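Peer 1: Hints are included, so try docking the two chains, each in its own frame, into the full complex.
For the record, the sequence lines run as chains C and F. Position 159 of the first sequence, counted from 1, bears residue number 159 in the numbering used here, the numbering being contiguous throughout. Position 135 of the second sequence, counted from 1, bears residue number 135 in the numbering used here, the numbering being contiguous throughout.
Read the hints as simulated data drawn from the structure, not as lab findings. Since the model is a prediction, treat every value here as computed from it, not as a measurement. Heads up, the beta-carbon is just placed ideally off N, CA and C, and yes, glycines get one too. Hints are all accurate, no fakes.
Sample of chain F residues lacking proximity to chain C, with all beta carbon distances greater than 12 Å (derived):
1. Leu55
2. Gln65
3. Glu66
4. Pro69
5. Leu75
6. Thr81
7. Arg82
8. Pro83
9. Arg116
10. Val156
Computed Cβ-Cβ distance ranges for the label pairs, DEER-style:
11. C:Glu79 / F:Gly30: 35 to 41 Å
12. C:Leu58 / F:Arg43: 17 to 23 Å
13. C:Ala365 / F:Arg23: 49 to 55 Å
14. F:Ala38 / C:Gln193: 31 to 37 Å
15. F:Arg43 / C:Ala75: 27 to 33 Å
16. F:Ile28 / C:Glu234: 37 to 43 Å
17. C:Asn259 / F:Ala54: 33 to 39 Å
18. C:Phe128 / F:Gly30: 32 to 38 Å
19. C:Arg72 / F:Ala70: 37 to 43 Å
20. F:Ala54 / C:Glu79: 17 to 23 Å
21. C:Pro281 / F:Gly27: 56 to 62 Å
22. C:Pro227 / F:Ala46: 52 to 58 Å
23. C:Arg237 / F:Gly30: 32 to 38 Å
Which chain C residues face chain F? A few, computed with CB under 10 Å, are given here:
24. Val62
25. Leu66
26. Val69
27. Tyr70
28. Ile84
29. Leu255
30. Met258
31. Ala262
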Amino acid sequence: MGKSPSLARKEPQPGLYGWLDERLGLDELLDFARAKEVPHHGQSFWYYWGGISLFLFLVQLVTGILLLVYYRPGAEAYESVRQITYDIEFGWLIRSAHSWSANLMVLAVFVHMFSVFFMKAYRKPREFGWWSGLALLGLTMVFGFSGYLLPFDELSYFATKVGLEIPQTIPGLGPVIVTLLQGGEQVSAVTIQRFFALHVVVLPLAFLALLGFHLWLVQKHGNAVPPSEELKPEEKRRSIPFFPNFFAKDMAMWLITMNVLAILASLYPWGLGAPADPIAPAPEGIHPEWYFMSQFQILKVFGRWFPGMTGEVLGILFFTAGIVLWSLIPFYDKDNTNARRARHASWFGLAALTGLILLTIWGYAEI
Amino acid sequence: MSKKKHKAAHAEEPELTRRALFRTGVGIVGACYVGPIAYPVYRYLATPAKQSAALAAIKEVSIPQEQMPALGTALRFAFGTRPAILIHMEDGSFVCFDAVCTHLGCTVEFQPEEKRIHCACHGGTYDMATGKNVAGPPPKPLNQYKVEVANGQITVTRA
Ligand code: FES
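The shape of chain F in the complex, shown without the other chains (with noise of 0.2 Å):
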């Protein structure tokens, strides 16, 4: 709505008076039902969105025993709605990362037999035992999650 023009339109002639107040009226009324009817549209159409971040907001993910990988492998899960891999390092410990790559978010890959973990997309490479970033245009380490081995049992956390 251009307000201006109504102001200098009223001033030179007055019969427009009622024509800018009965538009101010219109807009008025216009925004009363603009409001009630975007909203629950807006809620309807964001509701996995807000799935999708509760679901992302977790801190904790078990791996069950039988899950758990073989020495010098690696396995890859769902850590909340992105993917994580844990790696089973030769020396029996593990290592877990957010497997999104901190260049351009492509997934990563851990690679045995280069004992590297890999970024297809534009060839970054990682340490697999830091996740530091060691060549390729990965700015960044992969973030790296906590692991807990108790009974067998792997709890994965963010650090």
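The following block holds chain C by itself, in its conformation from the complex (with noise of 0.2 Å):
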């Protein structure tokens, strides 16, 4: 509202606002958001996926919150899903909301990750949003396979089982995690209950913590830009204001996202199928949420090349390589001065993305 975002104004302003301001600096905030430049450049377009994947996560707040008003964990817990989606007015709209919010979510987080990769805004200062980033991805994929088997229908059920192979594999430590996580032998109601505790309580503490910190050092260190606009001298760069310019973007943005929603929520409500039964066979083709089928394709190449367990156990092995290779980049590509470096990285990002992709493509052609 003020005319000039001149720092000497002392008259307080009438109103509400003046109101406000005189006690909780509004004007100060604004003027710094004011202040603050925004790279602007032809790849512009994906620094709006951070934002995107932090709206989507919001809903999923919201939505989440909503279904915890009629969700029964434990030995309800089908009888309580199976009311929220037939029974509740536009319960099924909620939960669809929630189911497909998620995966728009973990997209986003992916999508997110990759352009930074592509931008390399991994490099000095930025290793720690790097590293932050990937552990927030990492709790995202925690979310999706714990929610997952909260509505414990038959596919929650095998999926579940399915899934719980990965941590499995992990040598000498995978059956004591495994048995730990489902609190014995079998995925059961007391399985539903920690998955529950693990969904609603550690794992938003932990995510909110690690945002903020993430949050922080983008704002510290502002956003990266692509090696091709390093490349141009300074008073050729252009940048827009942090506020007003930038921020109606990224709201534009979280609209259009809004929009997607409620069209994918609404036009294709979450299913919910026959109530899990630990007795009856396994549905054919039964196989993990999309986000986990790489490994999950993974673990059966191997297998399938390498028979019994040391198929298992070489499959995991590649797969941790894989990210840890991943999340140590930034101390190969340190800067921009070593283009042979920079050159290796791209490359390998490349080929992370497309062998992901395959792998997808792949376990899903053989279900």
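Peer 2: This is how it looks when you write it as structure tokens:
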């Protein structure tokens, strides 16, 4: 509302805004946001994916709290989700929005990660941004995995069993971890109860803390520019103010995301299968969610190449090595002085991206 | 949104007109979203209230023979969502009351030895035959239901 962002202004403004401003320093905040610059170039589009992920996370929080109003973990889990889906008015929509935004969030976080990778935004001084982001992706996936079990229908039951194969292969510790996660030898009501605790308390707390750290780093270091921009002389580079320009575009992206979510959630409502039956055989073509498909496929393929436990152990070693290399990339491609390493890193990223996509397609082709 | 302020602002500074227009636009678009989001959320949260309202609206309750209270005793049962009390009087007749105290809504109790209906919260007392408030803070008599006995089955209806 201020006509000029003059810092010297002392006169309090009239009205509610002035009253709040005097007490909360809103003008300082606005002036700060106006002075902050965001680089503007051909690849600016990719800057919005972190914000889109954040928006979807907020949708998760809100819809998750709404589901919490009726969801009952433990033995009644299936019945309560059935009630939410069929008896409670608009319950199907809230549940559908929660499931769809979860999937969109995983997708947005992946897009964000790869765009950061190819823009080389992991380089000095942004290493911790890279690592905290990877940890957030990891938490997002555990969120997805733990949430998938909660309705306790047939599909979620077997997908959880199949998914637990992955930690099961950790040499030595695997079986202990899985027994602890399941709360016994089998996936049961006890498992739902602990997945629920994980899903609604432990993970959100950890996620919010990490997210705060991540956002603080983004604010501290600002947006990284891609190498093509770095080559340009300073005066040729363009930027826009964070507020209102970038902020407005950010909000426009949120709006688009919300519309996409609304369309998906209402036109393709998330289904609920038959209740889980521990003595019934697994349905044909049981598979984990799409974001676990590549790992699942690696385990499957390695198991085929090297029969017995060797295959599984090699499989898990293979993708663990991949994840370790992936997170260590800031130590290899440190800054913009080594063109050869920069090229290698890009090829590595391309290989990882293609590998993930191909393995996922392969996995689906084999169901 | 402070519309007055906008008008004042663009009277002195015409360049602000666009901004005011933009803000109004954002406001309208925002309102278009708030409704479709708030409405389902409201209905979602209100479903149990609606269900209990439907339950509360029932008009009669039948009490099977085996639950019939012995002479001089009472039966507590739920009439829709509210507690009710059915007293089998010494003379063989039945009376039935809404068991919610007319003072502050505690559930009242039939006390056979004292031959009264009593509310423990603030010591209100009601006449067991008529439900009239006879002592303590209750301002009104208890709500009475109609009781009909036919073929050993008791039917309680709203009076
Ligand atoms: S509520 Fe019964 S006497 Fe006060």
